[in-house]
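Asks: Below are the chains, spelled out letter by letter.
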Amino acid sequence: MEELGQKVSFDSKRAKEMVNELRGSFEEGKTMGYEWRVEQLKAILRMINEREADFMAALHSNLSKPYFESFLHEISLVRASCSLFLKQLKHWMKPVKVPAAITTYPSTAHIVSEPLGVVLVILTWNYSFMLSLEPVIGAIAAGNAVVLKPSEVAPATSAIFAKIFPEYVDNSCIRVVEGAIHETTALLEQRWDKIFYTGNSRVAKIIMTAAAKNLTPVILELGGKSPVVVDPDCDLKIVAKRIVVGKWGCNNGQACVSPDYIITTKSFAPQLVDALKSTLEGFYGKDPQQSKDLSRIVNSEHFGRLTRLLDEDRVYDNVVHGGQRDEKQLFIAPTIVLDAPLDSLIMTEEIFGPLLPITTVNKVEDSFSVIKSRPKPLSAYLFTKNKKLEEKFAMTISAGGILINDTTLQVTNPDLPFGGVGESGFGSYHGKFSFDAFSHKKGVLSRGFGGETPARYPPYTPWKQALLRDLINGSIITLILALLGWPWRE
Amino acid sequence: MGFMESVELDSLVEELRNTFESGKTRSFAWRKAQLKSLLKLLEEKEEDIFMALHKDLGKHHVEVFRDEIGVLIKSVNYALDNLKSWMAGKKAYIPLAAFPSSAEIVPEPLGVLLLFSSWNFPIGLSLEPLIGAISAGNAVVLKPSEIAPASSEFLAKNIPLYLDNKSVKVVQGCQKVGEQLLQYKWDKIFFTGSSRVGRIVMSAAAKHLTPVALELGGKCPAIIDSLSSSKDRQAAINRVVGGKWGSCYGQVCIGIDYLFVEEKFVSVVIELLKATIKRFYPKREYMTKIVTKQHFQRLSSLLKDPEVAGSIVYGGSLDSDALFIEPTILVNPPLDSEIMTEEIFGPLLPIITLKNIEDCIGFLRGKPKPLAIYAFTHNENFKKRLIAETSSGSIIFNDAIVQYLCDTIPFGGVGASGFGQYHGKFSFELFSHAKPVLRRNFWTEFTFRYPPWDESKLKFMRLLYRFDYFGLLLLMLGLKR
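In order, the protein sequence lines correspond to chains A and B.
The opening position of the first sequence corresponds to residue 1 in this note's numbering, with each subsequent residue numbered one higher.
The opening position of the second sequence corresponds to residue 1001 in this note's numbering, with each subsequent residue numbered one higher.
Keep in mind that a hint or two might mislead.
Unchecked claim - Subject to a maximum C-alpha distance of 25 angstroms in a straight line, what follows is the list of computed BS3-like cross-link-like pairs (lysine-lysine): (1) B:Lys1367 with A:Lys213; (2) B:Lys1166 with B:Lys1185; (3) B:Lys1074 with B:Lys1040; (4) B:Lys1157 with B:Lys1032; (5) B:Lys1032 with B:Lys1084; (6) A:Lys97 with B:Lys1074; (7) A:Lys441 with B:Lys1090; (8) B:Lys1207 with B:Lys1176; (9) A:Lys87 with B:Lys1091; (10) B:Lys1055 with B:Lys1289; (11) A:Lys441 with B:Lys1383; (12) A:Lys363 with A:Lys385; (13) A:Lys97 with A:Lys441; (14) A:Lys213 with A:Lys16; (15) B:Lys1091 with A:Lys441; (16) A:Lys30 with B:Lys1384; (17) B:Lys1166 with B:Lys1084; (18) B:Lys1024 with B:Lys1084; (19) A:Lys213 with A:Lys13; (20) B:Lys1384 with A:Lys97; (21) B:Lys1157 with B:Lys1040; (22) B:Lys1457 with A:Lys292; (23) A:Lys277 with A:Lys363; (24) A:Lys392 with B:Lys1090; (25) B:Lys1383 with A:Lys97; (26) B:Lys1384 with A:Lys441; (27) A:Lys90 with A:Lys432; (28) B:Lys1383 with A:Lys94; (29) B:Lys1383 with A:Lys30; (30) A:Lys205 with B:Lys1176; (31) B:Lys1091 with A:Lys385; (32) B:Lys1091 with A:Lys97.
If you're looking for bench data, these hints aren't it; they were derived computationally from the structure.
Can you build the whole structure from these sequences, using the hints too?
Replies: Take a look at the structure:
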């Protein structure tokens, strides 16, 4: 029995052994029952309650994430999710009766949710707690055996998961594998029943290519440049607050749903910039580096990436706020850039950091073509009081999700599917969508032996074709005759 | 039409993308008009379809009507009846009156799609996903299988006559053309065919992170329990014979691949099968031919193994000029022989005998999941066990193949038989993006969410959090600093 989260090299052979073991547990039916699933969910809830301090400390260690943010965005969301699942699981597990088709009459039809088998969840670093557990809860609730691979870029959470998780859940069906490229590659060589990945497109391509070898379905939760359109017709004070908290209050911009860039009118931009500046000062003080409420950049690699975006020639000159950085502290001040060139790196790559470019257009409707000319983002935001503009935005802008008059909150509604489209990924989860994401919806059709019509069988004669035609066209009389088994002989 | 020059393909794909960007395919009017035209095509060109399928597969026209044209007519009508409600989207449950103001899910088209169809139901498997793609408001490229050239030609010629050819294109050609098409970036790829090609499609899609749906195959077993009434037994055998040889002569993904029968019952079953086969197929014209020499050779070689050949109890004769193989029944060929490990896709029916019929559950455990499991039984407990302890795309009791007609259950595989489901509303959803739209207002503010954060805000949250999460927000609703 191998050590979990162990120091021994985790290679393809060990990965295979682990998967075989989990598959054995699954085939035995361990994960199928309602009781087992509830037990695991309750254990996870207990883990969150008992070890909250440990997790918060890890999150702080990874990113200097303010305790409040960790609590609000990660701990409480996962707790709420567990509670929702515990409440609804029985209902979700029930087969759904559906009307059967007239062409198969008489028959009854059901759709049954069944687990897929052994699934792999590869996690990311920015919301290392929440983003780890949300899909895992879904996979367990759907009755699967699960392997989690936490991100090595968040080493503290990865370590704590590997240590604490096995103390609470059924290790014969749920495992944590720590590591980096080598371990991930070993995992990807195995056959899974589904792979769930949150992260960037570069790695996503590697994962999907590996999955293709075994025809494994995948869910990819990727990112993109989530735009915020600000119509001058809005409540500026509130808009500024909601943008600032969505950008810098979420992991300091390192969130897939963070506002990436703003589009507003040329005439309104100065007012917006002022409002953002004063809100920033109100939230983080005159010297944001002293504020305890800002996360840091996760590591020096990302720090370098962000400073490259900022220091590009035509970009640095357009900084209207912030720009200060401290490499030792992995700190970059909340920075606003006005009208960076549309082909600059900061306007073409996902920022994932505390830099906020503002692009100006002549009238607010022009923002639509700016967004449409780019890859589809995970989220698109609009601040406006104009209902018509709202309607047009919701109907014509394609994004994973749309939020009007706020930012990032779509993550909190468990009744809405959360996921991308186009370059921002495919597949969705949260709430029941997580349960569905890790289930197979099996059609069950049940017939009796009555209603045998020879018309369906060879030898094929002209009158049979006529009969079938009538049946397809829903002719009641034909149907009744067919049910009676007419004609009785060939 | 053979190879398409890459320049031609470039401009074809660009045209489709421009059409889609123009918004033309999104309107209800456009979708309805296309579906109605499709209906007209099926009604007016019925004879041409019969001829094409007879040429490609020697398929009898009644079978064509029953399995392809008739089914498509049903599907188009179903889509026309339901399109408006599918397009409407739905409101999501809002836990509180004001936070958020409203939430709904709005379905939107994905964009430009690539559909690959298969040769065994060349019209059916091309147009069924096309109905879904159009209903969802997409632009489409359809690549029919070159192994059914007359049907492919039919589609290339007639689709442009009936459908909007700036939005729906048919691209003919061999494997190379398929590979060329896979180089482009699509918003979704739908593929019906073999696992081998499925892997190629998915690997190519991975380069662009394109979502795919793969409708593959597998070995669909039919389980025959003891049935006391002779009328029921005959009905069951009728359905088994129809499920094995009745659709494309066994060359169908949801066809019965092999049978499970209890030892003591097997001779009765074999006699009934023989008699029913004779009755259904007095002439060769009712049997579709084996599609190509290559498939004929593949099937013949399944019978070459002496132990397999020795297990034949009926049929077995081969006519390589006519590409015809007699309906063949085998009893207990070796379980590791190719006929028991590979999908047969032909008119050979192995029967595996068991001491107790419920042992089939253990047999199926750990095997690749098939597209369908069929069980002929009255035993309600056995049915429950099968549903709970086996996994397959779908499971059907007391009949075979008919699940294809039922629009209310999803059609598709799981595990080795593929992923992605369609038919009816599931087609619409497969080719749509279900976009959540959340609307908030300016007059409810939760000031605790804003920094600077302090212990009192945290304490406040913790205190309130003793209620559930949404209760917390309810309380926050009334508070303003």
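Asks: For each hint, tell me whether it holds in the structure or not.
Replies: For each hint, the structure was consulted:
Straight-line distance between C-alpha atoms of Lys1367 (chain B) and Lys213 (chain A) comes to about 18 angstroms, which keeps the hinted pair within the 25 angstroms bound. The suggested pairing of Lys1166 (chain B) with Lys1185 (chain B) holds, with an alpha-carbon distance near 18 angstroms, which does not exceed 25 angstroms. For a cut-off of 25 angstroms, the pair hint linking Lys1074 (chain B) to Lys1040 (chain B) stands: about 13 angstroms separates their Cα positions. As the CA atoms of Lys1157 (chain B) and Lys1032 (chain B) are separated by approximately 22 angstroms, the hinted pair is consistent with the 25 angstroms bound.
About 9 angstroms separates the Cα atoms of Lys1032 (chain B) and Lys1084 (chain B), which keeps this hinted pair within 25 angstroms; it holds. Taken as a hint, the Lys97 (chain A) and Lys1074 (chain B) pair is honoured in the structure, with Cα atoms around 22 angstroms apart against an allowance of 25 angstroms. Proximity of Lys441 (chain A) to Lys1090 (chain B) is assessed by CA-CA distance (about 21 angstroms); at most 25 angstroms being required, the pair is judged to hold. The straight-line distance between the Cα atoms of Lys1207 (chain B) and Lys1176 (chain B) is roughly 18 angstroms, inside the 25 angstroms bound, and the hint therefore holds.
For the proposed pair Lys87 (chain A) and Lys1091 (chain B), the alpha carbon gap of about 21 angstroms is at most 25 angstroms, so the pair holds. Restraint check: the Cα-Cα separation between Lys1055 (chain B) and Lys1289 (chain B) comes to about 10 angstroms, which is no more than 25 angstroms; the hinted pair holds. Taking the CA atoms of Lys441 (chain A) and Lys1383 (chain B), the gap is near 17 angstroms; set against the 25 angstroms cutoff, the hint holds. Note on Lys363 (chain A) and Lys385 (chain A): the hinted pairing holds, with a Cα-Cα distance of about 15 angstroms set against a maximum of 25 angstroms.
This hinted pair checks out: Lys97 (chain A) and Lys441 (chain A) have alpha carbons roughly 12 angstroms apart, not beyond 25 angstroms. Pair hint Lys213 (chain A) plus Lys16 (chain A) holds up; C-alpha atoms about 16 angstroms apart against a cutoff of 25 angstroms. Only pairs whose Cα atoms come within 25 angstroms are accepted, and Lys1091 (chain B) paired with Lys441 (chain A) is accepted, the gap being roughly 23 angstroms. Between the alpha carbons of Lys30 (chain A) and Lys1384 (chain B) the distance comes to roughly 18 angstroms, so the proposed pair stays at or under 25 angstroms and holds.
For a cut-off of 25 angstroms, the pair hint linking Lys1166 (chain B) to Lys1084 (chain B) stands: about 23 angstroms separates their Cα positions. Pair hint Lys1024 (chain B) plus Lys1084 (chain B) holds up; C-alpha atoms about 17 angstroms apart against a cutoff of 25 angstroms. As the CA atoms of Lys213 (chain A) and Lys13 (chain A) are separated by approximately 18 angstroms, the hinted pair is consistent with the 25 angstroms bound. Restraint check: the Cα-Cα separation between Lys1384 (chain B) and Lys97 (chain A) comes to about 15 angstroms, which is no more than 25 angstroms; the hinted pair holds.
Between Lys1157 (chain B) and Lys1040 (chain B) the CA atoms are separated by roughly 15 angstroms; this keeps the pair inside 25 angstroms, and the hint holds. Under the criterion of a C-alpha separation no larger than 25 angstroms, the hint pairing Lys1457 (chain B) with Lys292 (chain A) is consistent with the structure, at around 14 angstroms. A hinted pair counts as satisfied when its Cα atoms are at most 25 angstroms apart, and Lys277 (chain A) with Lys363 (chain A) qualifies at roughly 23 angstroms. For the given pair, Lys392 (chain A) sits about 18 angstroms from Lys1090 (chain B) by alpha-carbon distance, which is consistent with the 25 angstroms threshold.
Taking the CA atoms of Lys1383 (chain B) and Lys97 (chain A), the gap is near 16 angstroms; set against the 25 angstroms cutoff, the hint holds. Restraint check: the Cα-Cα separation between Lys1384 (chain B) and Lys441 (chain A) comes to about 16 angstroms, which is no more than 25 angstroms; the hinted pair holds. Proposed proximity of Lys90 (chain A) and Lys432 (chain A) is supported: the alpha carbons are some 12 angstroms apart, at most 25 angstroms. Between Lys1383 (chain B) and Lys94 (chain A), the direct Cα distance comes to roughly 16 angstroms. Compliance with the 25 angstroms bound is thereby established for this hinted pair.
At most 25 angstroms may separate the alpha-carbon atoms for a hinted pair to count; Lys1383 (chain B) and Lys30 (chain A) meet this at roughly 21 angstroms. With a C-alpha separation of about 23 angstroms, the suggested pair Lys205 (chain A) and Lys1176 (chain B) falls inside the 25 angstroms cut-off, and the hint holds. Restraint check for Lys1091 (chain B) and Lys385 (chain A): the C-alpha separation of about 21 angstroms stays at or below 25 angstroms, so the hint holds. Distance hint between Lys1091 (chain B) and Lys97 (chain A) is fulfilled; the C-alpha atoms sit about 22 angstroms from each other, no more than 25 angstroms.
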